[in-house]
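Visitor: Those protein sequence lines, which keep their order, are chains A and R.
Under the numbering used here, read the first sequence as residues 1 to 312, first letter to last.
Under the numbering used here, read the second sequence as residues 1001 to 1312, first letter to last.
No lab work stands behind these hints, which were simulated from the structure alone.
Keep in mind that a hint or two might mislead.
Under the rule of at most 27 Å between Cα atoms (straight-line distance), these lysine-lysine pairs were calculated in the DSS-like manner [as the list claims (entries may be wrong)]: (1) Lys1110/R / Lys294/A; (2) Lys294/A / Lys278/A; (3) Lys1110/R / Lys84/A; (4) Lys279/A / Lys186/A; (5) Lys1028/R / Lys310/A; (6) Lys310/A / Lys186/A; (7) Lys28/A / Lys1310/R; (8) Lys28/A / Lys1028/R; (9) Lys279/A / Lys1036/R; (10) Lys1278/R / Lys36/A; (11) Lys1279/R / Lys294/A; (12) Lys186/A / Lys1278/R; (13) Lys310/A / Lys36/A; (14) Lys1110/R / Lys36/A; (15) Lys1036/R / Lys310/A; (16) Lys28/A / Lys1051/R; (17) Lys194/A / Lys1278/R; (18) Lys1110/R / Lys1194/R; (19) Lys1036/R / Lys1051/R; (20) Lys297/A / Lys1084/R; (21) Lys1110/R / Lys28/A; (22) Lys1279/R / Lys1036/R; (23) Lys1279/R / Lys36/A; (24) Lys310/A / Lys1294/R; (25) Lys1278/R / Lys28/A; (26) Lys28/A / Lys1297/R; (27) Lys1028/R / Lys186/A; (28) Lys1297/R / Lys51/A; (29) Lys1310/R / Lys297/A; (30) Lys1036/R / Lys36/A; (31) Lys278/A / Lys1165/R; (32) Lys51/A / Lys1051/R; (33) Lys1051/R / Lys36/A; (34) Lys1112/R / Lys28/A; (35) Lys1294/R / Lys1278/R; (36) Lys1036/R / Lys51/A; (37) Lys294/A / Lys1028/R; (38) Lys28/A / Lys1294/R.
2 protein chains.
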Amino acid sequence: MRKYRGHCKLVLKPGSTEDVSKILRLRKNNTGYDLKQLFVGAEGTLGIITKASIQCPRRSPAQNVAFFGLESFEKVQQAFREAKGQLSEILSAFELMDSGSQDLVFQVTKNKRPLEKRYPFYCLVETSGSNPDHDGEKLQAFLECVMDKGIVADGTLAQDETQIKTLWAWREGITEALGHLGGVYKYDVSIPLKQLYQMVEDTRARVDAAGLLGDSAEHPVRDVVGYGHMGDSNLHLNISTRHYDERVEGILEPFVYEWISQHGGSISAEHGLGLAKKKYIGYSRNDTMVGLMKQIKNLYDPNGIMNPYKYI
Amino acid sequence: MRKYRGHCKLVLKPGSTEDVSKILRLRKNNTGYDLKQLFVGAEGTLGIITKASIQCPRRSPAQNVAFFGLESFEKVQQAFREAKGQLSEILSAFELMDSGSQDLVFQVTKNKRPLEKRYPFYCLVETSGSNPDHDGEKLQAFLECVMDKGIVADGTLAQDETQIKTLWAWREGITEALGHLGGVYKYDVSIPLKQLYQMVEDTRARVDAAGLLGDSAEHPVRDVVGYGHMGDSNLHLNISTRHYDERVEGILEPFVYEWISQHGGSISAEHGLGLAKKKYIGYSRNDTMVGLMKQIKNLYDPNGIMNPYKYI
């Protein structure tokens, strides 16, 4: 979970943009259908955004970051529940990283790891609030609670802005590290929280069973890793490869999409379907829903000139 | 501003509701157009909601309420800015009430007023957080700041749950009080914050200039009052009448809608257009927007059987 602090309102062509932009600056407007919302996630297939009105709340004066090691995904879920209860209004991020993703970052950066011992899972917890003393007290109480209850095996708390950045780099450096090590199959998916990490384990087991996973050069897959945002059940599943091998693709697809469909997830959480996933929309939307979408596309773009070849 | 603490997700017919409801339980799903959003504010004109999935965050353990008297709407805006900065993550309501609305509540309930002296404006500030001590400290510091700076003329802080309810009754009792005193013309509108209260003043001046406003029985209008939510610039404009008089209606409409349109507001903030305001949609949406809406209505409900006679 990362909270996005700005609210963005989109202005739709056609029509008088002056009128429209005035209206879209309002936070409440219940006069008719909320057409702007149709554009969110439409990937440009319905029209062109010509203006955006952005609301910018003030930045919170107090920011804190803690980094944990945990023994299981069950403990990660417990820690997340405690954080929601105790940190509540100041909890601004609760990020999940598995050991594999952290090993990849270490391999590329050679930076000193935040915790000496290695754990199957790591979490980064960020708080943002208006009073540094209050936030520090809440975070300290939370840390003591999750350590005493044995939920968290080890943890560290950033002491200043530099340490906050250093800890975040272990989470935000994953994508770059993967890029340094060869090819990557990436999936940005949304799965009910309980089964979130099961997706990584099942994919790893499947790749391994096919003899494609290993430490030596003849194995095309280096590792199957996962990280994501606990707050909205969003997993980034990454299959790191040494070289291209069509067997990997055959093993992954449609397996990944079928698994997600069976577990009530979405095959595109944050990034939309784009070109690559256009043929897989059926795994997250039934025929009726796709039919309703096609009707809207035909209505507003009868000549199919808006971002063509996309999912509709 | 009142924060709504639950997230509600709607399930759309037709289609397999089982599939759909699974998907709608996800917080992130970017596969195609977000059709659910079209239903929000559509007032049942596009289809029938057959299931809703509701997310219930825990109730905050700490709640506080303060009640202020202020000398001008300019001071109300200053107090609101200070509250956003200092109370920030725990600010859960900032309600505006004018003296007229409070006089009506007093007239009906005869309850003891929260503040001895009378002021042109009152505000109710509510905080909700996870730590009662922290919230109390923040609210105390905020109170001292707005009193020292002369923003707030007088104020009181609820000491327990009963006092919280008593203070809220001065805000929430307005609608009931209006109902006890005869007829009411009600407008639920959204206006850029700076001009929010100007709407009440201009309406009062117009009714007064027409000789319709006064203390005695021959005047159809008893008072023109306003209250609302500062956080989303939402004003409830109420014209309290003694008896029906068609001159009042002639004075109010289309004046109110024209005023809002000129000031870049919306004629329906919270409650939708319904039957009463269907012919006024043009004051908040231009012809192009209304045309796009009509096309969607015809597409999904070609026989016009979904909540007919409404705004489209």
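Visitor: All hints are to be evaluated individually against the structure, with a verdict given for each.
Guide: Against the structure, the hints come out as follows:
no., hint, result
1, Lys1110/R / Lys294/A, "60 Å, violated"
2, Lys294/A / Lys278/A, "13 Å, holds"
3, Lys1110/R / Lys84/A, "43 Å, violated"
4, Lys279/A / Lys186/A, "17 Å, holds"
5, Lys1028/R / Lys310/A, "20 Å, holds"
6, Lys310/A / Lys186/A, "19 Å, holds"
7, Lys28/A / Lys1310/R, "20 Å, holds"
8, Lys28/A / Lys1028/R, "23 Å, holds"
9, Lys279/A / Lys1036/R, "22 Å, holds"
10, Lys1278/R / Lys36/A, "21 Å, holds"
11, Lys1279/R / Lys294/A, "31 Å, violated"
12, Lys186/A / Lys1278/R, "49 Å, violated"
13, Lys310/A / Lys36/A, "20 Å, holds"
14, Lys1110/R / Lys36/A, "47 Å, violated"
15, Lys1036/R / Lys310/A, "21 Å, holds"
16, Lys28/A / Lys1051/R, "25 Å, holds"
17, Lys194/A / Lys1278/R, "46 Å, violated"
18, Lys1110/R / Lys1194/R, "33 Å, violated"
19, Lys1036/R / Lys1051/R, "12 Å, holds"
20, Lys297/A / Lys1084/R, "41 Å, violated"
21, Lys1110/R / Lys28/A, "34 Å, violated"
22, Lys1279/R / Lys1036/R, "26 Å, holds"
23, Lys1279/R / Lys36/A, "22 Å, holds"
24, Lys310/A / Lys1294/R, "26 Å, holds"
25, Lys1278/R / Lys28/A, "18 Å, holds"
26, Lys28/A / Lys1297/R, "22 Å, holds"
27, Lys1028/R / Lys186/A, "17 Å, holds"
28, Lys1297/R / Lys51/A, "26 Å, holds"
29, Lys1310/R / Lys297/A, "25 Å, holds"
30, Lys1036/R / Lys36/A, "13 Å, holds"
31, Lys278/A / Lys1165/R, "54 Å, violated"
32, Lys51/A / Lys1051/R, "35 Å, violated"
33, Lys1051/R / Lys36/A, "24 Å, holds"
34, Lys1112/R / Lys28/A, "34 Å, violated"
35, Lys1294/R / Lys1278/R, "13 Å, holds"
36, Lys1036/R / Lys51/A, "24 Å, holds"
37, Lys294/A / Lys1028/R, "21 Å, holds"
38, Lys28/A / Lys1294/R, "21 Å, holds"
In this structure, the hints that do not hold are numbers 1, 3, 11, 12, 14, 17, 18, 20, 21, 31, 32, 34, in rising order.
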